[in-house]
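> Read off the chains here:
2 protein chains.
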Amino acid sequence: MALHIIGIGLGDENGLTLSQIDTLKKCSKVFLEDYTNVVHINEKNFEKITGKKIKKVGRDFVEDSEKLVSSAKNEEIALLVSGDPLSATTHIEFLLDGKKQNIEVKVYSNASALTAVGLAGLSLYKFGATASVPNPEENFKPESFYEIFEKNQRVGLHTLFLIDPNEKNGKKLSLKEALEWLKKIDSKKKKLITSKTKIIACSNLGREKQKIQVGSFEEIKKQELEHPICFIIPGELNFKEEEALKIYS
Amino acid sequence: MALHIIGIGLGDENGLTLSQIDTLKKCSKVFLEDYTNVVHINEKNFEKITGKKIKKVGRDFVEDSEKLVSSAKNEEIALLVSGDPLSATTHIEFLLDGKKQNIEVKVYSNASALTAVGLAGLSLYKFGATASVPNPEENFKPESFYEIFEKNQRVGLHTLFLIDPNEKNGKKLSLKEALEWLKKIDSKKKKLITSKTKIIACSNLGREKQKIQVGSFEEIKKQELEHPICFIIPGELNFKEEEALKIYS
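Protein chains in written order, with this note's numbering: chain A, 21 to 269; chain B, 21 to 269.
It is possible that some hints are incorrect.
It does not matter which identical chain is used: a pair holds within one copy or between any two.
As the list claims (entries may be wrong) - The calculated lysine-lysine pairs, modelled on DSSO-like cross-linking and capped at a C-alpha distance of 30 Å, are:
(1) Lys229 <-> Lys120
(2) Lys93 <-> Lys120
(3) Lys231 <-> Lys126
(4) Lys146 <-> Lys196
(5) Lys126 <-> Lys218
(6) Lys46 <-> Lys64
(7) Lys72 <-> Lys46
(8) Lys49 <-> Lys260
(9) Lys119 <-> Lys241
(10) Lys146 <-> Lys203
(11) Lys204 <-> Lys242
(12) Lys191 <-> Lys242
(13) Lys216 <-> Lys119
(14) Lys231 <-> Lys241
(15) Lys260 <-> Lys87
(16) Lys231 <-> Lys93
(17) Lys126 <-> Lys241
(18) Lys120 <-> Lys218
(19) Lys126 <-> Lys242
(20) Lys119 <-> Lys196
By construction, these hints were calculated from the structure, which means they are not laboratory data.
Excised from the complex, chain A in its bound form (with noise of 0.2 Å):
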């Protein structure tokens, strides 16, 4: 018995791989996180591919890792995440809580915009940490992902910034909002973005509607981009990244 973490890649249920359908189909009970990341699953192919029906789960579900790796104690239980498993939330509670119950937790990897962003034609060798931009609340406004885009900086290295794609008071966080709220923390801080700053945005990548692009700053604010919505502001480039970038111009 185990509980099997399942990345469901970039796209929808066509994005599983033979051996997670394998998996799948000996699984009693299969739960869907749908909270940090926008997932395209059609709940009716998934039912013909693997014979199982989704139970889609909130984050409280989630959060409470230990309770959901003690149901596995006696059987197969599958937990579909968006991605790949480990790359963009803190689902390493899983494992830490199986060692724990001694409970086997077995991850299986998928694809992950992490590495999916390559394709916007900068080396992912030479990015630095991944920041977040949060949707705001009222009295949240935190900004500290600009700490992590000024340590990339300072070294030379490319920066990619994750949209949270969640509403926050029945709205999402747009790219405009979110390279304006950047740019009001750099204004106060080290200057280092100006209306010409190289700017590489992407919208649903690895999806049928994927779409990159690259611009100044002035001009990528003015692209209406669907969710999920990542940006990268980069670092040194050299002359094959300049070149690739032209890809997209």
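Start from chain A and add chain B according to the hints.
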């Protein structure tokens, strides 16, 4: 007509996704690039799954990207690549050539060691640039991978070192040799590594034989791990990461 660059992830043919299999079924030629990483595809099973035979191709074939792209003018061609196609090598060249020749090049993401390494317990958001440790040759012992490590350390970021899986002079670079080489450069330069420096070594990530070892530099140097091997030297560890590393001790 198009050139389809298909990431096969970290494992064997069972790591193919349903949409990748759909694409492969309509291709008239399927090439497998197996020089940038260790690939474990069972050709018989692959044929059973997709109905296609694989033609293994070497570096010269793949690096002649212009020719490969132009061959997709009149037929559907697939190139299978280990991991996520744009994560570790220079396959962006295909996109550039596709644009120049006005031939469609499509990329199909899959699992990559760059994110699967999250299994080790460190936050992927806190990794800096990736360092590749080449298998050195008599007259070619580059030290540039050290600069990457040094920059990451300067701003507190973790460093992932990928060890070249290829043979040079009939021999692969072992974990021990890679660590000793790194230490030798370090002792000439910044002296950031001691015998107690924490090292996380991973072997066969995402595969059945996956192994993760956490210990001091001296302890890990004694581990004999099978290729593909990577290791991490952490930057600043937070409380959660310290706890997570204990899974492997």
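> Are the hints correct? Go through all of them and say.
These are the hints, each one checked on the structure:
Only between protomers do Lys229 and Lys120 lie at most 30 Å apart by alpha-carbon distance; the minimum there is 22 Å, versus 42 Å within a single protomer. For the identical chains of this complex, Lys93 and Lys120 are intra-copy neighbours only, at 13 Å inside a copy versus 56 Å across copies, given an alpha-carbon limit of 30 Å. For a Cα distance limit of 30 Å, the shortest separation of Lys231 from Lys126 across copies, 13 Å, qualifies, whereas the shortest one inside one copy, 33 Å, does not. Taking the shortest Cα distances, Lys146 and Lys196 sit within 30 Å of each other both inside one copy (26 Å) and across copies (25 Å).
With identical chains, the CA atoms of Lys126 and Lys218 are at most 30 Å apart between copies only, with a shortest distance of 25 Å across copies and 40 Å within one. In the homo-oligomer, the alpha carbons of Lys46 and Lys64 lie at most 30 Å apart both inside one protomer (18 Å) and across protomers (25 Å), since each shortest distance falls under that limit. With identical chains, the CA atoms of Lys72 and Lys46 are at most 30 Å apart both within one copy (9 Å) and between copies (28 Å). Only between protomers do Lys49 and Lys260 lie at most 30 Å apart by alpha-carbon distance; the minimum there is 29 Å, versus 48 Å within a single protomer.
Taking the closest pair of Cα atoms, Lys119 and Lys241 come within 30 Å of each other only across two copies (26 Å); inside a single copy the shortest separation is 46 Å, beyond that limit. Taking the closest pair of Cα atoms, Lys146 and Lys203 come within 30 Å of each other both inside a single copy (23 Å) and across two copies (22 Å). Taking the closest pair of Cα atoms, Lys204 and Lys242 come within 30 Å of each other only inside a single copy of the chain (17 Å); across copies the shortest separation is 51 Å, beyond that limit. Taking the shortest alpha-carbon separations for Lys191 and Lys242, only the intra-copy value of 18 Å comes in at or below 30 Å, while the best inter-copy value is 54 Å.
In this homomeric assembly, Lys216 and Lys119 come within 30 Å of each other (Cα to Cα) only across copies, at 25 Å, whereas the closest approach inside a single copy is 50 Å. When the C-alpha separation of Lys231 and Lys241 is checked against a cutoff of 30 Å, the pair qualifies only within one copy, where the shortest distance is 15 Å, while the shortest distance between copies is 45 Å. Taking identical chains as interchangeable, the C-alpha atoms of Lys260 and Lys87 lie at most 30 Å apart only when they sit on different chains, with a minimum of 19 Å there against 49 Å within one chain. In the homo-oligomer, the alpha carbons of Lys231 and Lys93 lie at most 30 Å apart only across protomers (23 Å), although the nearest pairing inside one protomer, at 43 Å, exceeds that limit.
Taking the shortest alpha-carbon separations for Lys126 and Lys241, only the inter-copy value of 27 Å comes in at or below 30 Å, while the best intra-copy value is 41 Å. Taking identical chains as interchangeable, the C-alpha atoms of Lys120 and Lys218 lie at most 30 Å apart only when they sit on different chains, with a minimum of 23 Å there against 47 Å within one chain. Proximity of Lys126 and Lys242 under a CA criterion of 30 Å is satisfied inter-copy only: 27 Å between copies versus 43 Å inside one chain copy. With identical chains, the CA atoms of Lys119 and Lys196 are at most 30 Å apart between copies only, with a shortest distance of 29 Å across copies and 43 Å within one.
Consistency with the previously given hints is maintained throughout, with no hint failing.
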